[in-house]
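In the order they appear, the protein sequences are chains A and B.
Each step along the first sequence adds one to the number in the UniProt record's numbering, with nothing skipped, and position 214 is 214.
Each step along the second sequence adds one to the number in the UniProt record's numbering, with nothing skipped, and position 325 is 325.
Each hint should be verified, as a subset may be incorrect.
Claimed, not checked - Here are the simulated DSBU-like cross-link-like pairs (lysine-lysine), alpha carbons at most 30 Å apart as the crow flies: (1) B/K84 / B/K61; (2) B/K129 / A/K127; (3) B/K67 / B/K249; (4) B/K133 / A/K127; (5) A/K127 / B/K136; (6) B/K173 / B/K136; (7) B/K133 / B/K143; (8) B/K49 / B/K61; (9) B/K61 / B/K307; (10) B/K61 / B/K133; (11) A/K127 / B/K61; (12) B/K307 / B/K102.
Since the hints were made in silico from the structure, they are not lab data.
Values in this document were obtained by computation on a predicted structure and should not be read as measured data.
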Amino acid sequence: MSTQTVVSRAALGQKRGTALGLGAAVLYLSLIVLIPLAAVVLRSQERGIAYFWDAVTTPDAWAALSLTIGASAVVAVINLVMGTVIAWVLVRDRFPGKAVVDTLIDLPFALPTIVAGLVLLALYGPKSPLGLDLAYSRAGVVLALLFVTLPFVVRTVQPVLLELDRDMEQAAASLGASTAQIFRRVILPNLVPAMLSGTALAFSRSMAEIGSVVLISGNLPFKTQVASVQIFGQIETDNPVGAAAVSTVLLVVALVTLVLLDLLQRWGSRRG
Amino acid sequence: MRRLLATTTVMASIATLAACGGGGSDSASGGQVQLSLVAYSTPQAAYEKIIQAFQATPEGKNVTFTKSFGASGDQSRAVEAGLKADIVAFSLEPDMTRLVKKGLVAEDWSTGENKGMITDSVVVIATRKGNPKNLKTWDDLTKPGVEVITPNPFTSGGARWNVMAGYGAKSNKGADKQAGVDYLNALFANVPVQDDSARKSLQTFTSGKGDAILAYENEAIFAQQNNQQLDYTVPDSTILIENPVAVTKNSAHPNEAKAFLKFLYTTEAQKIFADNGYRPVVKGVQGVSFPAPPALFTIADLGGWPKVTTEFFDPKGSVMADVERKLGVSIEK
Chain A
1 MSTQTVVSRA ALGQKRGTAL GLGAAVLYLS LIVLIPLAAV VLRSQERGIA YFWDAVTTPD
61 AWAALSLTIG ASAVVAVINL VMGTVIAWVL VRDRFPGKAV VDTLIDLPFA LPTIVAGLVL
121 LALYGPKSPL GLDLAYSRAG VVLALLFVTL PFVVRTVQPV LLELDRDMEQ AAASLGASTA
181 QIFRRVILPN LVPAMLSGTA LAFSRSMAEI GSVVLISGNL PFKTQVASVQ IFGQIETDNP
241 VGAAAVSTVL LVVALVTLVL LDLLQRWGSR RG
Chain B
1 MRRLLATTTV MASIATLAAC GGGGSDSASG GQVQLSLVAY STPQAAYEKI IQAFQATPEG
61 KNVTFTKSFG ASGDQSRAVE AGLKADIVAF SLEPDMTRLV KKGLVAEDWS TGENKGMITD
121 SVVVIATRKG NPKNLKTWDD LTKPGVEVIT PNPFTSGGAR WNVMAGYGAK SNKGADKQAG
181 VDYLNALFAN VPVQDDSARK SLQTFTSGKG DAILAYENEA IFAQQNNQQL DYTVPDSTIL
241 IENPVAVTKN SAHPNEAKAF LKFLYTTEAQ KIFADNGYRP VVKGVQGVSF PAPPALFTIA
301 DLGGWPKVTT EFFDPKGSVM ADVERKLGVS IEK
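Generate coordinates for the entire structure from the input sequences, incorporating the hints supplied.
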């Protein structure tokens, strides 16, 4: 048997494997994600577009949606900055306990989010040992969302930073560029796509959060009630169509965010 | 050789298991059945004990149970969506009505001697240990600087009892509607947090927020039995909470399910409920006493759940929707 045939047979196997893999992936994705999402959208249209519009523009639904989207935007921006800083520190700096910190970053992913709510309430609630009572306020909502979405930017920026070619920086430095210039001109452009996609993930995840905010927000309509809890309220008052309507709005906003950021990245990579 | 031995062992155990299984199904012809109980969460401890007591009786000898406990509304919707249930127990009537509409519970479920209700309770005012702010009446709760904890009535079905208790007490059982509505506005202005469920409200209260919490008497008793630091007062005028129970129409074992339902009304079962803080619905339960509020009223006095639900809890235009909206507007200012 010549080497030639072995290679071609392997390549063939790979191709067949890809088709099978693609089919399996699409089927799985459809069953788990696409069809259920389509069902929610369909459900929201069950009583017509006018009802849909009514459901999402009732004062409390509107207040909940704008709070959710607003808080998520704030959280996304803070994560963008702090997530990048943390990733930077983890990749470029050496300090004792680095491995521990690196592991800790993933903790918000691993915890049931209601546990996050309990922990935050213990530390920043009415009995705060720090004397910092943020519970039942919008600041509390933002805090809970920050906790839950912390890993997104860190974990998308970190690998890119690790693979960044340090020779480029050294070359720039030898040509007389200042540290700030190196960061702005050499490092940042390479990091931006990862930073943005991490931010987009954090933003969409924030909009979906319920477990951690449900305890610390206090669920005050018009003030601290987030969309996910408002949806829960709609279900509890036997209005599944209204619940589906608010869900659909969240879905569309998340989808638009992800698409916009993808476009932005393509545009960025073409320019760079 | 060793493999052969292992195979033989496995075969032998399978054979033994099969034999046991066979023995089990033999006795099934003697009446071994499994009932599914779907209930709201608070009476869980009581039901565990009652089931044991039932299984000690001739009717319950061969009956085993699968049990599911959770938020009343969630449980009701789960059964509506197809969760198998032989007996359903909820914290308030609309959760049962939902199943009647769906044809899962007989129309006449509430026509018996006890109108389908298995336990009673009342809404009470619970405070911190020693009641430092001396909060004992409905009016005390609207004083400036007092923080009252109660869940959001739009996310918590149970919270509706609290709303109707305050409303009924201050409107003279619904006679003076305006006085009742004014009271709700004043009360909710003192509510700093509206958790999504009664359980989370208790969590909020025990974590240090608020001076008083509107709670069910049975929950307050349960909390005290579990060494939580709180006191409670039964107001002179408050609402009688009634918890419905029923056998489903599609139960696979209606006779056993009905026998269990009947057992729930025995003094033995009612005593267990009472020990867990619930007021018994049958007379003659020994060794328990609950204070009798002089001006006790029921949801029927206020027009019944269907009327009250539309009038008070419709998210679009109802008394509570207005209360919340005014609250939101005044906070936003």
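Status of each hint after checking the structure:
no., hint, verdict
1, B/K84 / B/K61, "holds, 22 Å"
2, B/K129 / A/K127, "holds, 16 Å"
3, B/K67 / B/K249, "holds, 18 Å"
4, B/K133 / A/K127, "holds, 19 Å"
5, A/K127 / B/K136, "holds, 25 Å"
6, B/K173 / B/K136, "holds, 19 Å"
7, B/K133 / B/K143, "holds, 10 Å"
8, B/K49 / B/K61, "holds, 15 Å"
9, B/K61 / B/K307, "violated, 43 Å"
10, B/K61 / B/K133, "violated, 52 Å"
11, A/K127 / B/K61, "violated, 51 Å"
12, B/K307 / B/K102, "holds, 19 Å"
Violated hints for the displayed structure, listed by number in ascending order: 9, 10, 11.
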